[in-house]
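Note that the protein sequences, when read in sequence, are chains L and D. Under our numbering, think of the first position of the first sequence as 1, with each following residue one higher. Under our numbering, think of the first position of the second sequence as 1, with each following residue one higher.
To be clear, the hints were calculated from the coordinates, so they are not data collected in a lab. Hints should not be assumed to be uniformly reliable.
Some, not all, of what chain L presents toward chain D, calculated at C-beta under 7 Å [as the list claims (entries may be wrong)]: (1) L37; (2) Q40; (3) T41; (4) D44; (5) R47; (6) T55; (7) T59; (8) T63; (9) L76; (10) F78; (11) H80; (12) D81; (13) Q84; (14) T85; (15) G135; (16) T139.
Since this is a predicted model, take the numbers as computed values, not measurements. Idealized CB from N, CA, C, for every residue including glycine.
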Amino acid sequence: MTRVLVPLAILEGESVSTGLTALLGPMDVTVLGYHVLPEQTPPDQARMQYEDRATAALTDLATEFRTAGEGADHRLVFTHDREQTVDRVAEETAAGAYAITGATGPVDRLLVALTGDVAVERICSFVTELVGGRGIGVTLFLATDDEAGGRELLEAAGAALSGRGIDVRTELAANEPPFEALIEAATDHDAIVMGERAPSLRSLVFGEEAERVAAGSVGPVLVVRNVEESDGAEANADRLPPSNATADRPATDDS
Amino acid sequence: MDGPSSSAGGTNVEGEAPQIEPTIETDDATITDDAELERTLGLSGGLAIGIGTMIGAGIFVFPGLAAGRAGPAAAASFAIGAVVALLVALPASELATAMPKSGGGYYFISRGLGTLAGAVVGLSLWFGLVFATAFYLVGFGYYAVDTLAELGLAVGGGLVIPLALLFGAGFTVLNVTGTENAAKLQNGIVALLLSILVCFLAYGGLDAAGLVGEPMAPEQFAPLGTMPILTTAALVFTSYLGFAQVATVAGEMKEPGRNLPLAMVGSVLVVGVLYVLTIFVATSAFGSEQLSRFGETAMVEVGRHYLGAVGAFAIVFGGLLATMSSANASVLSTSRAIYAVSKDALLPRQASRINLRYGTPHVALGMAGGPILVLTATGRVELLAEVASFLHLIMYGLICVALLALRRDEPEWYDPDFRVPGYPVVPVLGAIASFALIGFMQLASQLVGVGIMIATAGWYAYYARDVTLKGAL
Chain L
1 MTRVLVPLAI LEGESVSTGL TALLGPMDVT VLGYHVLPEQ TPPDQARMQY EDRATAALTD
61 LATEFRTAGE GADHRLVFTH DREQTVDRVA EETAAGAYAI TGATGPVDRL LVALTGDVAV
121 ERICSFVTEL VGGRGIGVTL FLATDDEAGG RELLEAAGAA LSGRGIDVRT ELAANEPPFE
181 ALIEAATDHD AIVMGERAPS LRSLVFGEEA ERVAAGSVGP VLVVRNVEES DGAEANADRL
241 PPSNATADRP ATDDS
Chain D
1 MDGPSSSAGG TNVEGEAPQI EPTIETDDAT ITDDAELERT LGLSGGLAIG IGTMIGAGIF
61 VFPGLAAGRA GPAAAASFAI GAVVALLVAL PASELATAMP KSGGGYYFIS RGLGTLAGAV
121 VGLSLWFGLV FATAFYLVGF GYYAVDTLAE LGLAVGGGLV IPLALLFGAG FTVLNVTGTE
181 NAAKLQNGIV ALLLSILVCF LAYGGLDAAG LVGEPMAPEQ FAPLGTMPIL TTAALVFTSY
241 LGFAQVATVA GEMKEPGRNL PLAMVGSVLV VGVLYVLTIF VATSAFGSEQ LSRFGETAMV
301 EVGRHYLGAV GAFAIVFGGL LATMSSANAS VLSTSRAIYA VSKDALLPRQ ASRINLRYGT
361 PHVALGMAGG PILVLTATGR VELLAEVASF LHLIMYGLIC VALLALRRDE PEWYDPDFRV
421 PGYPVVPVLG AIASFALIGF MQLASQLVGV GIMIATAGWY AYYARDVTLK GAL
């Protein structure tokens, strides 16, 4: 079962919409409650004061996820650096994706973005697992300047998904600004699935792409992690034992 | 030892017990029962804290004072300081890798030697940092006045203390309201300072060696004898307090087993070499007598001597940044020291409260900022520096003793990643050197230092006599 990490600024009252809780039903979920501290405050000092309150909130959230479906656990981290914490915990739990929470009602249709240099096959198998026989429709979206190649890729991916019994549409944005086209396409969808991309100069300047998509579309965004880069049992050997979710991660590919 | 790691106990007069929980330390996080504490400081961050704290005082405030006391041999005083600092930095590194926790020296001593020594050191560390910060701020005041003078605003020495107070208050407020990205700024400041100094020293060094510029009549190396070299070493030891500040953030450092020793020993080495070279260059430029007449900002005149107005400006600017970064780093360490002590019930728990709005430890920052301002107002540069050195030297000596005690009957939990080379010679020498250096201080500084230690011991006897910390990880 693929594990999805749900990072939440737990002490700032960030919570998960019922729509997202239900959507993640078939997945293993780790709720990552984090609290970012200014550098003049040692993390342990914050823990002394806030641990009980944060743990109570996290336990409630994990219970909600468990009620909605598969197993859910939680972790609580006090940190100076949110990115570093999310990356580390994602690696330790061998999470296949992480969620940026957003507001949504029941999810009827997912927008799946295949734009850019992302692992299309892994995104598709993640989506298959996520939909899991429920009647959730999927729109495959691709923004590219290469119209013919794009159509080909969309059709191949679409065929793979519909072969697994999913209602698939495709949407190609040729010669349009990719980000704006994605946000526009998101308006009649309830959640977005996209692939993690290597940090670029653009992401340094404007913030991580997934965060901007989440902000632009208001709804939740699921980011399928780029496992090849951050994977590595060897690298994890001296850390915590990874939790039970490692076994049946979807096969990796290199598309 | 008192036995396994559960030996902490007892309560203070308010009925609070030390909060000690079993933790697992990994390279990236500290894992407690229910929560994880992310380690976010890298090696460069650790070096920036160490170098950034040290580089301000020594290079920019002391050359004039030290040259006046010891002549060109002031360079030897700085070298002695570096050797003592190194002898302590090595044992401190071993202890820090065995106990990578907030609190630094206080933590090692309270666990290695027990609550009384811990309380005295922990509370003295707070005061030591307060004295050091006040000293940095007064230095800052001198540089601020000189900056105004370079800009054509001669305001006179009367403004030194008011400016220092203004900035001291500013730092405290800034720290309470949260300094976003101050660490990155600190890294930048340290890099900038190092480049200014390296350029300056390269040119000045060539000149001093007689390769460029006009030759100068060589001065006798130690015109005042050997005793002033030692008393000056005691005075300028304040310049080497920074490596201990690295230990206070040990709980937040990534790969502590590797990064803590590198940051502590590395920063002492870098700074020690720079200090010795700087004094050599400064005394070669002017001769020690004239240098001492320039006082706290003698380096500005040295800069002017070698590189004209540009040199003077570079040094004034560098001095301003350096004293600022020292003061800021020390304020942060002070609040961590107070937190460590209050967590162990040696101070009211209230002292480690975090404020909801900014997430900063406002009580501890206030307990640092208030006394700092009072001391800054005295403007007594040498006394402030020596008392700061005194209180730190006590801690350094006890760190070495704690290492010896822990190594003698290594408790089960004691498993450092880094072990002192040359044990037991290094810690023994470190302890002797630290305590001996205190003997060369002015009587007034020694009296203030001893007074503070007696007061802290008295506080322990009144407030936390029943608390036991020895061996409690």
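Evaluation of the provided hints:
1. L37: holds (5 Å)
2. Q40: Holds, about 5 Å.
3. T41: holds (6 Å)
4. D44: This hint holds: D44 of chain L lies near chain D, its Cβ roughly 6 Å from the closest one there, short of 7 Å.
5. R47: holds (5 Å)
6. T55: Hint holds; T55 of chain L Cβ to chain D Cβ min 5 Å, cut 7 Å.
7. T59: violated (10 Å)
8. T63: Violated. Min distance 16 Å.
9. L76: holds (4 Å)
10. F78: holds (5 Å)
11. H80: With a closest approach of 4 Å, the H80 of chain L hint holds.
12. D81: holds (4 Å)
13. Q84: It holds, given that the least Cβ distance between Q84 of chain L and chain D is near 6 Å, below 7 Å.
14. T85: Holds - the Cβ of T85 of chain L comes within 7 Å of chain D, reaching about 5 Å at its closest.
15. G135: violated (39 Å)
16. T139: violated (37 Å)
In the structure shown, a violation is registered for the earlier hints numbered 7, 8, 15, 16, in ascending order.
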